[in-house]
Every structure is written in C-alpha cells, then in structure tokens.
Amino acid sequence: MKLHEYISKQIFARYGVPVPQGKVAATPKEAGKIAKKLGGRVVIKSQVLVGGRGKAGGVKLAKNAKEAETLAKSILGMEIKGLPVRKVLVDPAIDIASEIYLGITNDRAARQPVIIASAAGGIDIEEVARTTPEKIIRAHVNPLLGLQDYNIRDLSIGIELERKHWPAFHEICKGLWEAYRDNDATLAEINPLVISGAGELIALDGKMIIDDNALYRHEQLAELRDLDAEAPTETEARKYGLTYIKLDGEIGCMVNGAGLAMATMDIIKLFGGQPANFLDIGGGADAEKVAAALRIILQDKNVKAVLFNIFGGITRGDEVARGILEAMNQVKPKVPMVIRLVGTNAEEGRALLAEAKMITAETLAEAAKKAVAAAKS
Amino acid sequence: MGILAGKNTRVVVQGITGREGLFHSERMLEYGTQVVGGVRPGKGGEWVLDGKVPVFDSVKVAVDATGADCSMIIVPQSAAPDAMLEAADAGIRLVVCLTEGIPIQDMMRIRAYLDFKGVQLIGPNCPGLLTPGETKIGFIPGDNAIPGNIGVVSRSGTLTYEVLYALKLVGLGASTCVGIGGDPVKGLNFIDVLQMFEEDPLTDKVVMIGEIGGTDEERAAEFINQNMTKPVVSFIAGRSAPPGKRMGHAGAIVEGGEGSAADKIEALKQAGVQVADHPEQIPEFIGK
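Chains as they are written, first to last, in the numbering used here: chain A, 232 to 608; chain B, 9 to 296.
Just so you know, these hints were derived from the structure itself, not from any lab.
Here chain B is said to cover these stretches of chain A; the calculated rule only asks that three of the stretch's residues, wherever they fall, bring their Cβ under 8 Å from a Cβ of chain B:
1. 339-350
2. 444-455
3. 501-511
For the chain B half of the interface with chain A, some residues (derived, Cβ under 8 Å), not all of them:
4. N152
5. G165
6. L167
7. E170
8. R247
No residue lacks a Cβ here, since even glycine has one placed at the ideal position from N, Cα and C.
Next comes chain A alone, as it looks inside the complex:
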C-alpha cells in the first residue's frame, strides 16, 4: 500500500529525519494560510499516488501567500493520470545546493534489504540505474543484524559526500532504516535528499510503500489507504479477501489460485477470447466469498460469459458449488456460465450443481473453448 508524500514525511520526521515544516491542505484558503505562516515562498505539491506529478503540473512554486492560494486552487481541481487531487502539501521553498537519492527496499534475489544512495538525486533513479549504473551505490543489510554504521560509511564514501555532511547523513540513514523496519515498508525513499544553501540535509520528498501482508499489525496505517488509487470493485473485492483486477475483455473468470487464474486468462486468449478480469478467490473460499466474487464479476457490463475454473486443494469443490448456487440465486445472471470443477470434493460439488443451468467442462482447454464460444453466441 502506497502512502502519500505528506504521510511518509511525517513518519520519517518521527525517526529524526529532517523534513520541511510544511502542512497539508484540502482547500485553497487553507493553503494560503499555511503559506502565510511559512513566510510566503512555498511549494504547492499535489498529493496523488502516481509518479510524474511535477511533469503533469502538479507541483508549483508560489512567491507569496496569495499566489499560493491561487495555485492551490488550480492544483486541487486537477486530475493527474486519472486520479483526483484532493490534498496539497504546502512546504516552505528551500534553496538547493545539491540533491541526493536515498532509499531502502527489499532485494528479493539476495533475500536482504538493500539501502541505495546516489549523488544523482532528484530525478528518476531507475533512469540513472539504466544509463549510469556506476552512480548507484548499494549496501545490503543483514536482516537479522540490521543496518550497521559501516554500511552507512560505505554509502557516504561511495557517493563522495563531503565529510562535513557525514554525521547528518548518518542520522538520516539510521532514521530511514528504522522507519522502514518498524512500519514493514517494502520501500522507504527520499528523493531528493537535498543539501540546502545553508548546508543542511533535508528530505524534500518522501515515499513509502507498506507491505500489504503486514497491515494486520499496522492498523493506523491500514486506515490511511487512499481508495482513489484503486477501482471501487477492487476495494469491494478486498473486503471479501478476493483479489480482483478488471481488464478489458468479455470473459469473466473466477479461479482459485493466482497462478491458475493467470493460466486460465492465458488459455482464454490462446483460444481467441479476451479475459474480462483476473480473480483469485484464494484458498479455502467459502460460499459467501464465491457469491461476492460472482457479483463483482457481473458488475462489469462487458462480461458476455463467465468461466469458473476450480481445482480443489485447500479449496473444496462442494463449498464453491454452494457459493455458486447462492450467488446465482442472488444475482440471477443472464450470461452463460461455464464451469470446470476438479480436485478436493469435486464430485460432491458437481452433484450439487447438476440442477443449475451451467455448461460443464472436463479439461482447462475444453472449458476455455466453451467459454469463448459462449461469449460469441
């Protein structure tokens, strides 16, 4: 789950990372007031969970409080890459001497966190990594031991940081590490970490992504989820423990397991159809979950047929069958439904579904062909 810049920076500040003393505003008037308190010269930054805000005109410099209000008004009305701007961060303008990149993420191949720094901060770090990889300095962190002082010195040396900045940089790295570790982040990033004209190190921007699997132990963070960043049906799906992603095709899919769900989408495409969605009902899906899943799939008006591919393991065929019957009762679908049920308790499930008007299939290929044909008829 991505966190907004202003929330990420609030978290960083709690760990001793210096951040600008700005505030977030939801109205132009508020923005003007904040600007006045900050002395007039401010940066108005749209708070949306997409990259490239600056290029889209979502970050502007204001010379005084009045201009801040005007700019906030225009930015608050904007949509950036389809997302409405509901809040702006009003930060004091800071003169920048140089910009550093600093971030911590998980290196899944090395199975270790990695802290990354670069003297080429302020721009797209992936671009830097592609074009001038030697400018990216990495230090892997032992997950049992945590970030060590020498890791930080290695970074300072690697990015050729002036020695007078080492102590401040050290504290910032420590703070960022603790913020990453304590909040179960998969990314904690400061880009840019600026050295101001006065020689201070300040985290001008901040970005955090929290591990969705860890949200159960970070309730306060979980409440901060920005629902604008996902489709309403995806939000509803999550409520039921389903993973749903809307796509552009005409064949709705309900599958247990992410891998099998993808393979089902692939085979639909192979036989000339287009999947309308990815939907994983997960392990141990009960009747209520299946009913919710069918409702969500059928909310998409492009769906001309639905393919159920259930291979029982932890999921039991009879439970899924009961869910389908319950869902058909509630939703009364008008599109043809193709079902393939195999594995744990599949026979019991097939017996339950014998009465329902569904097209049945034995193999995955047969199911996909029948669904493609049903969607075209």
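Let chain A serve as the given structure and place chain B on it in line with the hints.
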C-alpha cells in the same frame, strides 16, 4: 523416497486443531502420510482425528515424544513466523509452511535464521510436497498424481494440481512434486529443487512451472543450461497479464519490464527448455 520426503518421513502438524489443519491432516493420513503428532499450544494431551493423532503444546515436546523430522505449518498468518522458528529450534529437518500472507521482512529474517540452523524450508504460501504413492505433506490432492519418473517443481499452487492431473490422464507419474510457493522470499527455490532432481536416480525428466514476476525463472534457465543433463519442460503463467498489475501472488507482478512472461520464456528456450503454451500441453512435450 522422494527428493525430500518418503513413506518414513514423520510429520508433525503445527496448527492441527484448526478447521483447515484437521481437514488436511485427515487427507494426509488417508494418503498414508505418517502424521505422528500435532501442535497447538494449550491443547497438549488431547487427541484428534478419532484418537489417531496426539496433540502437544510445543514442537519440542512433539519431537521428543514422536521422533518427528518434518513439520507442516498451517497456522494463522500472525502465528506463522513464530511457528517456523520454533520448528527450526526443535530439531526439525524439513519445514513445510502452507500459511500465506507472511510479511516479507519477517521472511527475510526467518530464512536467514533457518539457513543458519541448516533447516530446509518449503514455502510459505505454498501447497506443499507430494511423493506419489508414499507421502503428501500439504494440500496437493493425492489422487491427482500417480508415481512415476517426472520431477515437478512449481511456484503456483492450483496450477501444480492442474499439471499433475494432466500428466496422470495420459498415464504419466511424478517422482516428487514440490510447490515452492509464490512469495518473493521463501525457502527452497527453483534452482535448489532442480539440483535435487538432477541428482535423484528416480527422476528422469523435470517439469518446471513458473509465473510472471521476479527473476527466479531466468536464474533457473541459466542453471539448467549449465548444470542439467535431464530434459526440462516448462510452463509460465501470466502471458496475458498487463504490466504493472499485481496478480494476487506477492511474486506475480511485472516490475518495470523485469519478470515478464516473454522474458522468462525466451530465457528458458535459450537454455533448451521446451515451453508449453498451456498446462495441458505439458504431457505432449514431456513424452513417454
């Protein structure tokens, strides 16, 4: 004996008293797995599954009493990290963690600790392990596979069943099937299991089932190219997935052009691996 477990493997089930724990322990007993005990703190001394399986308060007590060498973990998400570490400290040699949704930072610490203890881990977020005709430790439906000479390794759960079933329909069987799980940080990975299949006298051919996200398949392709003499057939799920979309598994996300199905298929083909268009094509490729 399969590459990791056989009919003599003695399994203790952590979380045996839960609904899923009971259900799957019963399936395992039916299959012939030696489920020698269960663990549920606070319920030690009870018996479950018609008095067939004793319950213990801790893995250590269970190991002392039963001589278990393998643990299957089927506990809730928040209890799973502790359960894995407990198993490792109790002298278990092989831990199979079925539980899904474990935070990645926990997994990095757990994996580092289990490596330090010399304990093998399968999973988490995996369907477990099946040695057809001998033992099943996990969810993989036993009646979908027959004994044979094909080693199967997969990152996906249900897709694994699909492949085993497709093989069985044409009379092909598996030596061992390992579901390594879809999490970005896990226990055994493709290369570890491929190495075991290469060395296993009962395995002649290998099926590897991958999916989009990460670079495990690419690294496996490199390993196959350099180290494997046995033929490998593969299937990669997620060709139709749009980039940047998370497809359920923590692992199944295409990050900035890295880990796409096309890249993986290309890498595998370069390594001489036949890549099937869909799971049911695998038996055709692997042949008799």
